[in-house]
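Visitor: Here are the chains, one letter per residue:
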Amino acid sequence: MTQMTMAKALNEGLRRALADDDRVLIMGEDIGKLGGVFRITDGLQGEFGAQRVVDTPLAESGIVGTAVGLAYRGFRPVVEIQFDGFVYPAFDQIVSQVAKLHYRTGGKVKMPITIRIPWAGGVGAAEHHSESPEAYFVHTSGLRVVAVSNPQDAYTVLRQAIASDDPVVFFEPKRLYHAKGEVDLDAPLADAAPMGLARVVREGSDVTILTYGSQVQTALDAATAAEDDGTSIEVIDLRSISPVDYRTVTASVRKTGRVVVTHEAAREAGVGAELVASVTERCFNYLEAAPVRVTGHNIPYPPAKLEKFHLPDLDRILDAVDRVMDRPNSLTGIVAEGGVR
Amino acid sequence: MTQMTMAKALNEGLRRALADDDRVLIMGEDIGKLGGVFRITDGLQGEFGAQRVVDTPLAESGIVGTAVGLAYRGFRPVVEIQFDGFVYPAFDQIVSQVAKLHYRTGGKVKMPITIRIPWAGGVGAAEHHSESPEAYFVHTSGLRVVAVSNPQDAYTVLRQAIASDDPVVFFEPKRLYHAKGEVDLDAPLADAAPMGLARVVREGSDVTILTYGSQVQTALDAATAAEDDGTSIEVIDLRSISPVDYRTVTASVRKTGRVVVTHEAAREAGVGAELVASVTERCFNYLEAAPVRVTGHNIPYPPAKLEKFHLPDLDRILDAVDRVMDRPNSLTGIVAEGGVR
Amino acid sequence: MVHTLTPAADIGVDIDDVARLLTADGERIADSVLDPWIADVDAAQLRELHREMAVLRRIDAEGVALQRQGQLGLWAPCTGQEAVQIGTTRGLRNDDFVFPSYREIGVVYARGGRPSDFVLSWRGEAHSTLEPDTLHSGVPQIIIGAQTLHAVGYAMGIQRDGTDQVSATYFGDGASSQGDVNEAMVFAASFGAPVVFVCSNNQYAISEPVRVQAAAPIAGRAPGYGIPSMRVDGNDILACLAAMRWAAEHARTGAGPAFIEAVTYRMGPHTTSDDPTRYRDPAELERWRARDPLTRVEAYLRAQGEFDDEFAASVQHSADDMAAQVRAAALGAVTKPPLSVFDDVYAEPHTGIAEEIVAFAAYLDGFADAEGEVAR
Amino acid sequence: MVHTLTPAADIGVDIDDVARLLTADGERIADSVLDPWIADVDAAQLRELHREMAVLRRIDAEGVALQRQGQLGLWAPCTGQEAVQIGTTRGLRNDDFVFPSYREIGVVYARGGRPSDFVLSWRGEAHSTLEPDTLHSGVPQIIIGAQTLHAVGYAMGIQRDGTDQVSATYFGDGASSQGDVNEAMVFAASFGAPVVFVCSNNQYAISEPVRVQAAAPIAGRAPGYGIPSMRVDGNDILACLAAMRWAAEHARTGAGPAFIEAVTYRMGPHTTSDDPTRYRDPAELERWRARDPLTRVEAYLRAQGEFDDEFAASVQHSADDMAAQVRAAALGAVTKPPLSVFDDVYAEPHTGIAEEIVAFAAYLDGFADAEGEVAR
Ligand SMILES: Cc1ncc(C[n+]2csc(CCOP(=O)(O)OP(=O)(O)O)c2C)c(N)n1
Ligand SMILES: Cc1ncc(C[n+]2csc(CCOP(=O)(O)OP(=O)(O)O)c2C)c(N)n1
Ligand SMILES: [Mg+2]
Ligand SMILES: [Mg+2]
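For the record, the sequence lines run as chains A, B, C and D.
Here the UniProt record's numbering is used: the first residue of the first sequence is 1, the next is one more, and so on.
Here the UniProt record's numbering is used: the first residue of the second sequence is 1, the next is one more, and so on.
Here the UniProt record's numbering is used: the first residue of the third sequence is 1, the next is one more, and so on.
Here the UniProt record's numbering is used: the first residue of the fourth sequence is 1, the next is one more, and so on.
Extracted from the complex, chain A is given alone in its bound form (with noise of 0.2 Å):
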């Protein structure tokens, strides 16, 4: 066990899965000499060389497209998106051909390839560096869409996406880059949990808490908060957010009947809103109340400075835990006045 960053933990696991398997290449802007502008591909251009570490034109569909090429060929590339306002320009890409290519050619071509997306905001970036994209791509058939959480996650997570035969969006949230957790990085990939499995990182009997990426932090937070008044509330860490652990999920969910669900995305059409009708699918005659989103308002993501009035907060969450409780909140003349949430 070590010490370090999820930066590092990232190029830990780069670096393991490049020296794993031949086949493996990382291609993006200014990943090689500058080792990336967020410095998780730092020192691989100089180890593994520039045919496996490579400095691409300044064009996110011609990333995607030629990885696309080199999948046909056998290869697993990772693609760095250089932010997460940047894939739009990849989107046809993703969308017609990396997620359905093995569909459409009857599985005879597979589609390993593993898209880094630096995510979401919290860090006072400019515009367009803030983006919490991740319900396209999981409202997209043919891929898998993982967000990790911590640098352990980070290094396993990553090697199994990579390992994957099917594509894999990895959304890295930029915000937790240098914060620092405990990394194994010589635990055999085979032992560790799926890609796909969710993991309880608190336990708890009112109040469930689904989130993922960054959020998680959040939610352990006022999972403390709360304690204090006596509300004990449990964390999911979804891990994967498609497919959903719906089996973690729902024996959580059966167990406290209260459901909030967080994310930085806004809330229409978000994860939250698969999340919220997948669990009153399943659940609901266990639901003591309607599951409550903590979300992103739906507007663009703000200027930096105002960021914080966007981002769902720990105040927000204990809002919405109350909510889920029953207990008086800041909706609760206003709900009752008229259709409001």
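Worth double-checking, as some hints may not be accurate.
Stated by the list, open to error - With a cut-off of at most 30 Å between alpha-carbon atoms, the simulated DSBU-like pairs for lysine-lysine come out as follows:
{"hint": "1", "chain 1": "D", "residue 1": "Lys336", "chain 2": "B", "residue 2": "Lys110"}
{"hint": "2", "chain 1": "A", "residue 1": "Lys255", "chain 2": "A", "residue 2": "Lys108"}
{"hint": "3", "chain 1": "A", "residue 1": "Lys308", "chain 2": "B", "residue 2": "Lys108"}
{"hint": "4", "chain 1": "A", "residue 1": "Lys110", "chain 2": "C", "residue 2": "Lys336"}
{"hint": "5", "chain 1": "A", "residue 1": "Lys305", "chain 2": "B", "residue 2": "Lys305"}
{"hint": "6", "chain 1": "B", "residue 1": "Lys180", "chain 2": "B", "residue 2": "Lys308"}
{"hint": "7", "chain 1": "A", "residue 1": "Lys108", "chain 2": "B", "residue 2": "Lys308"}
{"hint": "8", "chain 1": "A", "residue 1": "Lys308", "chain 2": "B", "residue 2": "Lys110"}
{"hint": "9", "chain 1": "A", "residue 1": "Lys110", "chain 2": "B", "residue 2": "Lys308"}
{"hint": "10", "chain 1": "B", "residue 1": "Lys255", "chain 2": "B", "residue 2": "Lys33"}
{"hint": "11", "chain 1": "C", "residue 1": "Lys336", "chain 2": "B", "residue 2": "Lys305"}
{"hint": "12", "chain 1": "A", "residue 1": "Lys108", "chain 2": "C", "residue 2": "Lys336"}
{"hint": "13", "chain 1": "A", "residue 1": "Lys308", "chain 2": "A", "residue 2": "Lys180"}
{"hint": "14", "chain 1": "C", "residue 1": "Lys336", "chain 2": "B", "residue 2": "Lys308"}
{"hint": "15", "chain 1": "D", "residue 1": "Lys336", "chain 2": "B", "residue 2": "Lys108"}
{"hint": "16", "chain 1": "A", "residue 1": "Lys33", "chain 2": "A", "residue 2": "Lys255"}
{"hint": "17", "chain 1": "B", "residue 1": "Lys305", "chain 2": "B", "residue 2": "Lys180"}
{"hint": "18", "chain 1": "D", "residue 1": "Lys336", "chain 2": "A", "residue 2": "Lys305"}
{"hint": "19", "chain 1": "A", "residue 1": "Lys110", "chain 2": "B", "residue 2": "Lys305"}
{"hint": "20", "chain 1": "B", "residue 1": "Lys108", "chain 2": "A", "residue 2": "Lys305"}
{"hint": "21", "chain 1": "D", "residue 1": "Lys336", "chain 2": "A", "residue 2": "Lys308"}
{"hint": "22", "chain 1": "A", "residue 1": "Lys108", "chain 2": "B", "residue 2": "Lys180"}
Hints listed in this document are in silico derivations from the structure and should not be mistaken for laboratory results.
Computed from a prediction, not measured in an experiment: that's the story for all the values here.
Based on the hints, put chains B, C and D with the ligands in the right spot on chain A.
Guide: Below, chains B, C and D with the ligands without anything else, positioned relative to chain A:
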């Protein structure tokens, strides 16, 4: 009132918009001489000239991107995407520019762009020609998203979309292009129901079906069939899927207590997820059963010969009605066993 | 470099400003650049190229007929484009890898595609049936231009594997407007990837004439990216073969990508759903009919005494035989069972799909017939 | 047209293969193409151009300083690129419309941008503050290349309005790889739109040298699309001014789009978050320091006796004054209230946003302070 197809109604809507406002122009592939592959723009170039009905190069990002520039200059571009599956190359311009520029400029630049998309399946088409991408746009703050189900709405809502100062993604179910209905071409636009309003297309008391686009007719057929069993179904044509008219929706759900949502798009993080989540949040105490979604599977659109096994048809809706009515249904044994929906 | 650069003259309809070896009348003319590349092609070889073009034309006719008879949902005819499809493919080695578009039936045929590969996807039985590993071909692409990047990526893979293969990608004049095609040229040039771009400029993107896409010759774009290019008569199979040999050799020997614009014509509609009379002058069609890729080869061979009735009959036989096989493949198609829609969404087990299969199977079970038989 | 086209020679670091009027040492040299376009520029005008470059450099320094002091979240320095930014903008009319990228601070400045326009967005107070209608400028674009299409669309609007304005778009060498930029050239050429493309080739896209993007001169791409282009010394304000006058006139008179590649250098880091020592040779920086766009104008004017200490002091004063205003704009910024995040998501009333505002306002009300005051 005139009897006409939806294709003709759309054509008349465009003609009227071009005639009423000389800042309106239409752009797309093959929309000029050919009149569009579906003939929606038939005759318009002859009538209004090639400056206002513009055959563009074959590049969707280019079409939407130049529409943004035209909007900067005060035009109201109406863009035709030839088929649903070809909107993805324009995704970046839509999500990062069309949806956000009004916000990014603090309201100083308006984006009154209408993006028309011939949409969805059921017509035996080739790959990429039967996509239902609406959830991507619903999840994108800054856009309005509408879907029409009949010639009158096609005519009226299209004109409203073009007249709106906000960008509107306008879905046209290609399966209904040749379906006929009464259209009043002369009713003043000001008298029409606002674009955002849902419509109860059939009243009922036992179950509410929420839907849009071509599924409206399927839902109506299901409602008729269910009548024989003595089940009274209310069908709501949402018309606007972002924002959704929750006043109309909740009024219905509070009455029936049972909800079925249906659309062709894949279920996972689709519009149905949002509808189920919102309805559950807003009407939890009125719900007699978990809302059920009847959607396309979570798969890429299948080959034409198999599409009937993908599309949510009358039988699948009736099965869902059985589920929300707590009657024996296809999942009866299975739900008991484990986590499966 | 001269610091002020001006475009080449407008091509518009200047379809004769091309490299050519066989005129429309079947006269063999000299071209110092192209000649060396086909020096070995004798009459016997040329006859076989003619046969392949004739078979392809027959496949195309059969496809149209099958569509008219309701056996296929759609067909995208390639008649008129036989020379570029067969000629360029024959300029490649079998282990080179091609990335065609939907219209390159001739490329798939020349790679060894089975009759079913031509029709089952248009019939809607499967998205694609061909065997990429056997044919060394990607799936024919419908998303305009997307495959060009795949070809570049594949070529980058060849570089990494250190083999002397090349990849080749086919796309249309309309496709040349897509950002992906231009990104493909950027990547190819940047990495010096062994890829050949073949733009089949058939004068139309559905209804739009090429001048909507290009104010200058499409072949003129490549050099701006650092890619040498050639503009050839796409109805001249010798020129197409020579151009591909030049381009493939360029790529194969490590000199990087090359680009071919083949000037040709789509004699039929865009697809069987299209009505070209809405946008095309019949006189134009007639002008192009006079430039037919097959007749000029026949005329040339006849003049050499290398094309007799016996050979004509043999070609006819090959075409008839193929047509029968294509028809049989279409008529004999067996639609897959309902649950097959879930096949191959993922390569590895997937809990979501597993659940869906359980649920949909249970649903289908509700439709048991009188004997209790269930189709799923 | 010759049917076989070969690329122009590799540019790599051939930064001297450009059109130029003022050498790095301040010597005025002749260029028959460019000379006529700046025949009217006298010493007085050149002095003002120098002043603007000096002020811009000072804005840039102030931006960096404010970022270092924690007043701005980020800054994208433009030092080294003053000549292309000021020179080309001054080659436009005020009613022409520009579409800059994030690094074109000088374009916004030359269009009359306010001090707050330079800093408030980098401070994170607003996505953009500038007044498009007053400045005739789009918002500085961060999505690489996207603005080039906006400029083409705007130019299509100009055509429809029948005015003699032009639009101009700025983008980098890295941006030249994006599909959007190439689609922009396709559309511009197809419609003959009055738009000028200005590629500021500052040798780097963050850490990647231009050869990753381009195996041939970027200016060489445009002619392939039918667009005339020019490659100029981007550190020579006279050449930049002349090139834009040529290009704008070309566009204004209905001859269609034009393209300028300005060869320059980003003297600073990509942004204040970047560490160029990881990828850039200090010697390269020194070589470019010798090509400074300001010193050469000063040297030229001094040699003419047109630059004295009094003028230097006056420039210094202008720069100091601007720096003070920029600083004041940053320090005086007032962050908007929480509920402002909902402003302008839509132009028209929206039931969803209306509900969100009610809910979030109620939520914020829960945080009333001791006096019952609520910030929202
Ligand atoms: C991204 C995308 N946009 C639009 C279409 C619809 N479409 C199919 S074929 C076609 C024209 C293609 O023209 P060209 O590239 O010249 O090829 P050709 O059909 O002439 O062989 C269009 C617009 C598509 N398939 N994909
Ligand atoms: C679509 C997109 N991809 C990636 C980025 C990240 N990024 C910002 S600036 C930059 C380099 C741009 O280089 P260039 O076009 O040469 O402009 P310069 O910064 O040199 O002025 C990159 C990769 C982005 N902003 N947008
Ligand atoms: Mg074509
Ligand atoms: Mg640059």
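Visitor: For each hint, tell me whether it holds in the structure or not.
Guide: Results for each hint:
no.: 1; hint: Lys336/D with Lys110/B; in the structure: 22 Å, holds
no.: 2; hint: Lys255/A with Lys108/A; in the structure: 44 Å, violated
no.: 3; hint: Lys308/A with Lys108/B; in the structure: 24 Å, holds
no.: 4; hint: Lys110/A with Lys336/C; in the structure: 22 Å, holds
no.: 5; hint: Lys305/A with Lys305/B; in the structure: 54 Å, violated
no.: 6; hint: Lys180/B with Lys308/B; in the structure: 23 Å, holds
no.: 7; hint: Lys108/A with Lys308/B; in the structure: 24 Å, holds
no.: 8; hint: Lys308/A with Lys110/B; in the structure: 27 Å, holds
no.: 9; hint: Lys110/A with Lys308/B; in the structure: 27 Å, holds
no.: 10; hint: Lys255/B with Lys33/B; in the structure: 51 Å, violated
no.: 11; hint: Lys336/C with Lys305/B; in the structure: 8 Å, holds
no.: 12; hint: Lys108/A with Lys336/C; in the structure: 17 Å, holds
no.: 13; hint: Lys308/A with Lys180/A; in the structure: 23 Å, holds
no.: 14; hint: Lys336/C with Lys308/B; in the structure: 12 Å, holds
no.: 15; hint: Lys336/D with Lys108/B; in the structure: 17 Å, holds
no.: 16; hint: Lys33/A with Lys255/A; in the structure: 51 Å, violated
no.: 17; hint: Lys305/B with Lys180/B; in the structure: 26 Å, holds
no.: 18; hint: Lys336/D with Lys305/A; in the structure: 8 Å, holds
no.: 19; hint: Lys110/A with Lys305/B; in the structure: 24 Å, holds
no.: 20; hint: Lys108/B with Lys305/A; in the structure: 20 Å, holds
no.: 21; hint: Lys336/D with Lys308/A; in the structure: 12 Å, holds
no.: 22; hint: Lys108/A with Lys180/B; in the structure: 43 Å, violated
Hint check: violations occur at hints 2, 5, 10, 16, 22; the rest are consistent with the structure.
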